[in-house]
Amino acid sequence: MVSLTPDLLQAVTKPARYTGHEWNSSGKCHADVSCTFAFSMPDVYEVGMSNLGLKILYEILNRRDDTAAERVYAPWVDMEAEMRKRGLPLFSLETRTPVREFDFLGFSLQYEMIYTNVLNMLDLAGIPLLASERGEGEPFVVGGGPCVYNVEPVADFFDLFVIGEGEEVLGELVSLFVAWKREGRPGGRKEFLRRAVGISGIYVPSLYAPRYDAAGDFCGMERLDEAAPAVVYKRLMRDMDEAGTMEKPVVPYIDIVHDRIMLELFRGCSRGCRFCQAGMAYRPVRERSKERLRSLARKMADVTGYDEMSLTSLSSADYSCLDGLVDDLMEDFAGEQVSFSLPSLRIDSFSIGLADRMQQVRKSGLTFAPEAGTQRMRDVINKGVTEENLLQAVSAAFEKGWKSVKLYFMLGLPTETDEDIIGIARLAKKVVDRYQEIKGKRGAKVTISVSCFVPKAFTPFQWAAQDSLEEFERKQHLLKENIRDRSIQFNYHDARVSRLEGVLARGDRRLSKVIFEAWKRGAKFDGWSDQFHEEYWLDAFEALGVVPEYYNGREREKEEKFPWEHTSPGVSRAFLWTERERSLRGELTPDCRRGRCTGCAVCPTLDARVIDREARS
Amino acid sequence: MSENAKNAVQRAMIYCRARITKDEPLRYISHLDYASMMQRAIRRAKIPAAYSEGFNPHMKLSFASALSVGVTSNAEYMDLELARPMEEHAIGESLRPALPEGVRLIALRVMAGKPKALMSLTDEAVYEITVPLCGAFSDAQKVLEDFNATKECTFLRKTPKKTREIEVRQYLCGNLYAEAAEDDLLRLVMAIRITPGGSVKPQEILALLCERFSLLVHAETALVHRSALLCNGQDLLSAGGAKP
Numbered sequence: 058m059v060s061l062t063p064d065l066l067q068a069v070t071k072p073a074r075y076t077g078h079e080w081n082s083s084g085k086c087h088a089d090v091s092c093t094f095a096f097s098m099p100d101v102y103e104v105g106m107s108n109l110g111l112k113i114l115y116e117i118l119n120r121r122d123d124t125a126a127e128r129v130y131a132p133w134v135d136m137e138a139e140m141r142k143r144g145l146p147l148f149s150l151e152t153r154t155p156v157r158e159f160d161f162l163g164f165s166l167q168y169e170m171i172y173t174n175v176l177n178m179l180d181l182a183g184i185p186l187l188a189s190e191r192g193e194g195e196p197f198v199v200g201g202g203p204c205v206y207n208v209e210p211v212a213d214f215f216d217l218f219v220i221g222e223g224e225e226v227l228g229e230l231v232s233l234f235v236a237w238k239r240e241g242r243p244g245g246r247k248e249f250l251r252r253a254v255g256i257s258g259i260y261v262p263s264l265y266a267p268r269y270d271a272a273g274d275f276c277g278m279e280r281l282d283e284a285a286p287a288v289v290y291k292r293l294m295r296d297m298d299e300a301g302t303m304e305k306p307v308v309p310y311i312d313i314v315h316d317r318i319m320l321e322l323f324r325g326c327s328r329g330c331r332f333c334q335a336g337m338a339y340r341p342v343r344e345r346s347k348e349r350l351r352s353l354a355r356k357m358a359d360v361t362g363y364d365e366m367s368l369t370s371l372s373s374a375d376y377s378c379l380d381g382l383v384d385d386l387m388e389d390f391a392g393e394q395v396s397f398s399l400p401s402l403r404i405d406s407f408s409i410g411l412a413d414r415m416q417q418v419r420k421s422g423l424t425f426a427p428e429a430g431t432q433r434m435r436d437v438i439n440k441g442v443t444e445e446n447l448l449q450a451v452s453a454a455f456e457k458g459w460k461s462v463k464l465y466f467m468l469g470l471p472t473e474t475d476e477d478i479i480g481i482a483r484l485a486k487k488v489v490d491r492y493q494e495i496k497g498k499r500g501a502k503v504t505i506s507v508s509c510f511v512p513k514a515f516t517p518f519q520w521a522a523q524d525s526l527e528e529f530e531r532k533q534h535l536l537k538e539n540i541r542d543r544s545i546q547f548n549y550h551d552a553r554v555s556r557l558e559g560v561l562a563r564g565d566r567r568l569s570k571v572i573f574e575a576w577k578r579g580a581k582f583d584g585w586s587d588q589f590h591e592e593y594w595l596d597a598f599e600a601l602g603v604v605p606e607y608y609n610g611r612e613r614e615k616e617e618k619f620p621w622e623h624t625s626p627g628v629s630r631a632f633l634w635t636e637r638e639r640s641l642r643g644e645l646t647p648d649c650r651r652g653r654c655t656g657c658a659v660c661p662t663l664d665a666r667v668i669d670r671e672a673r674s
Numbered sequence: 056m057s058e059n060a061k062n063a064v065q066r067a068m069i070y071c072r073a074r075i076t077k078d079e080p081l082r083y084i085s086h087l088d089y090a091s092m093m094q095r096a097i098r099r100a101k102i103p104a105a106y107s108e109g110f111n112p113h114m115k116l117s118f119a120s121a122l123s124v125g126v127t128s129n130a131e132y133m134d135l136e137l138a139r140p141m142e143e144h145a146i147g148e149s150l151r152p153a154l155p156e157g158v159r160l161i162a163l164r165v166m167a168g169k170p171k172a173l174m175s176l177t178d179e180a181v182y183e184i185t186v187p188l189c190g191a192f193s194d195a196q197k198v199l200e201d202f203n204a205t206k207e208c209t210f211l212r213k214t215p216k217k218t219r220e221i222e223v224r225q226y227l228c229g230n231l232y233a234e235a236a237e238d239d240l241l242r243l244v245m246a247i248r249i250t251p252g253g254s255v256k257p258q259e260i261l262a263l264l265c266e267r268f269s270l271l272v273h274a275e276t277a278l279v280h281r282s283a284l285l286c287n288g289q290d291l292l293s294a295g296g297a298k299p
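Keeping their order, the protein sequence lines are chains G and A. Taking our numbering, I'd label the letters of the first sequence as residues 58 to 674. Taking our numbering, I'd label the letters of the second sequence as residues 56 to 299.
These aren't lab readings, by the way, just hints derived from the structure by calculation. Every residue, glycine too, gets a C-beta built ideally from N, C-alpha and C. Careful: at least some of the hints might be erroneous.
Stated by the list, open to error - Here are the computed lysine to aspartate or glutamate pairs in the EDC-like style, where the Cα-Cα straight-line distance is at most 16 Å:
(1) 256/A / 178/A
(2) 486/G / 444/G
(3) 115/A / 475/G
(4) 101/A / 393/G
(5) 577/G / 596/G
(6) 101/A / 389/G
(7) 486/G / 538/G
(8) 101/A / 445/G
(9) 197/A / 234/A
(10) 502/G / 456/G
(11) 577/G / 591/G
(12) 71/G / 88/A
(13) 577/G / 599/G
Unchecked claim - Footprint (simulated), chain A over chain G, 3 or more residues, beta carbon under 8 Å:
(14) 304–317
(15) 359–366
The task is simple: from the sequences and hints, build the whole structure.
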């Protein structure tokens with residue numbers, strides 16, 4: 058057990074990040090279990106504790122008598138410095154056990170800019186960074202989360218990855234481990250990994266070798282072991298009502314990013330926005346029943362004492378029974394001072410009506426994502442929303458008493474022109490004017506938050522070139538110049554970070570060396586603007602002779618082989634190409650959940666189907 | 056009659072005052088976080104708490120005196136307004152299992168009518184500081200004798216904004232006491248006055264003893280504990296009850 062002395066805890070900011078003991082946290086004696094699993098999100102406590110996936114898996118594994126699951130997050134830079142000074146290894150929150158003593162260390166990879174933190178945490182734990190250098194008795198380092206749809210840039214650091222939803226597969230992995238351990242660990246870690254690929258959804262990168270042609274282009278994945286499948290398809294829960302889930306979330310003592318109950322209405326979204334990796338990767342839509350959600354809501358409120366609940370999903374307003382669910386929740390929690398929120402509002406007046414009913418208790422701002430400033434551009438990305446939809450939605454909101462509206466946009470989408478960028482400023486101005494028309498006075502607060510588009514694997518834009526840094530900055534400047542109303546606040550992302558994200562998002566295994574080198578030079582917490590140092594990365598690329606533009610700045614050929622296609626969410630390449638072609642013609646593709654199948658191939662490939670509760674009843 | 060006025064009439068005016076602790080597992084959480092922890096525990100316990108009106112209703116829960124990060128306490132007090140009556144023992148039975156490791160309910164009293172606010176009642180706090188000794192215990196005792204012999208003693212309070220000189224004896228009820236504890240630890244006990252014009256922190260007294268009186272201790276590892284909060288020398292639980 059790692060001892061945290063008062064002088065250490067009093068020397069760091071927010072010491073409660075490291076002291077555990079939260080309500081509903083687990084704390085099993087390791088001597089009583091056969092498997093220990095440390096779950097991590099490689100970011101600070103407040104971010105890591107807000108991750109729904111890890112909360113679910115933590116509970117599911119802790120329900121097993123033979124397993125102790127604990128948590129560990131990235132120590133903030135002040136704590137890291139103290140730990141290194143004192144020679145303290147990375148430890149788990151529950152039992153303060155050094156992380157290197159666990160059987161598994163699982164990282165949730167939510168975004169590319171957190172990769173160097175994985176390396177930093179492994180180093181702090183005293184675990185060799187490269188999977189190939191890990192010995193017997195050291196933890197198996199497991200990766201999961203959205204980044205697994207192109208995991209090659211970090212492949213060298215992980216023993217295995219879980220592709221897709223982890224509710225079932227992690228239990229299967231643990232059972233396999235317990236059996237192997239009981240047999241006396243025959244064949245060592247290599248043998249365990251060979252056995253693990255027998256579980257559907259497990260990818261073991263050391264059993265594959267990427268091949269490059271004479272020009273240095275990726276030309277295919279060679280399997281080094283016949284047990285390794287050519288394509289590892291994602292695992293998914295076919296029925297969300299049956300799936301094990303979170304019922305007793307840990308209640309933190311300090312404020313975390315999402316400090317509320319998360320009630321997951323459904324998984325997947327088939328609206329088919331062409332830039333959106335989640336929309337392609339989490340198909341098909343699978344809804345929970347209203348009854349199941351109602352009972353989960355009651356249970357979680359009772360065992361946590363939270364007074365806030367968020368109805369989460371990729372597009373919560375699309376839940377087919379939302380109207381009835383909200384009525385039921387309002388009735389169930391009448392007089393209990395619980396506030397409900399919808400994190401993603403659809404752009405229509407139905408959503409505003411709902412938000413109004415739900416926010417009887419507290420009235421916060423509203424957020425919409427038109428994503429682009431002109432109809433042409435929105436058609437290219439298949440965002441089936443018109444300017445009229447947005448203006449109707451904000452009108453409804455202003456009439457109901459809201460004043461502040463936040464709008465999300467992207468810069469750098471394929472085929473974008475300056476006219477599309479100026480369109481963002483015009484649209485924001487129309488929203489401001491609409492307030493004045495309705496209220497007869499000024500007073501709206503419109504925030505436009507503009508990110509830089511990063512093309513992602515398994516989307517119709519996976520072939521696209523990303524804008525250059527100069528182009529992004531020119532566009533940001535152009536937009537800024539066109540915003541003249543003081544009620545509009547303009548926030549934009551650091552294009553340097555988005556460019557780097559663009560490299561990692563479609564990179565290959567050769568980038569493992571770059572990530573290692575950048576970390577060695579000091580890179581960590583790259584997603585935190587005050588911690589990001591572009592020079593560590595630029596120096597690393599240069600030192601290794603890797604040209605970043607090869608990965609982010611190049612339009613890819615139709616037939617080019619991609620280094621991510623062996624870990625697949627099931628969506629077919631032919632569908633993605635067709636979507637790309639339609640996008641260039643500005644043609645819309647409808648949502649498949651009610652209408653015609655659009656042929657993305659996910660359902661037949663994964664033997665799954667859309668579960669739409671309203672359609673069924 | 057306005058909606059608010061109606062509610063005010065309907066308020067049950069029943070209050071519950073409790074003495075609770077902040078033990079080792081919660082040492083490093085802030086006062087604000089301690090308060091939200093308690094609100095969640097009260098909700099889990101299904102105690103019928105009263106809430107304020109308006110767009111941002113909050114639980115009508117108040118505390119006596121904020122405790123800093125890093126300090127434990129045997130003497131935290133809270134007042135909770137109830138929306139409807141509940142028996143004392145029933146409150147205790149519901150609340151105890153809903154409290155996390157690190158909070159104990161020591162005593163509880165239900166009061167009819169609005170009591171005087173805990174914060175304005177509190178006039179004295181007793182602290183114990185446990186700190187590793189560098190020298191002999193007798194040297195530490197000598198330091199205390201020197202300090203206790205002073206009539207006035209000033210301390211430079213440095214905040215990020217400004218530095219201010221404060222006279223600390225006016226905030227001490229009598230003398231400081233010391234005892235030797237196991238493992239070469241020194242235990243310092245001090246009773247501090249809490250006045251409308253201000254007070255002094257136990258950590259400041261320790262710093263002053265080190266800087267001005269050459270007390271030889273490892274001050275960076277000092278553990279501070281609050282052992283009592285008083286009103287006219289009385290436990291706050293029995294002080295300032297219901298107005299007639």
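Hints, one by one, checked against the model:
no. : hint          : in the structure
1   : 256/A / 178/A : 14 Å, holds
2   : 486/G / 444/G : 12 Å, holds
3   : 115/A / 475/G : 54 Å, violated
4   : 101/A / 393/G : 10 Å, holds
5   : 577/G / 596/G : 11 Å, holds
6   : 101/A / 389/G : 14 Å, holds
7   : 486/G / 538/G : 13 Å, holds
8   : 101/A / 445/G : 47 Å, violated
9   : 197/A / 234/A : 12 Å, holds
10  : 502/G / 456/G : 15 Å, holds
11  : 577/G / 591/G : 14 Å, holds
12  : 71/G / 88/A   : 11 Å, holds
13  : 577/G / 599/G : 14 Å, holds
14  : 304–317       : holds (count 4)
15  : 359–366       : holds (count 6)
Violation of the numbered hints given earlier is confined to hints 3, 8; the remaining hints are satisfied by the structure.
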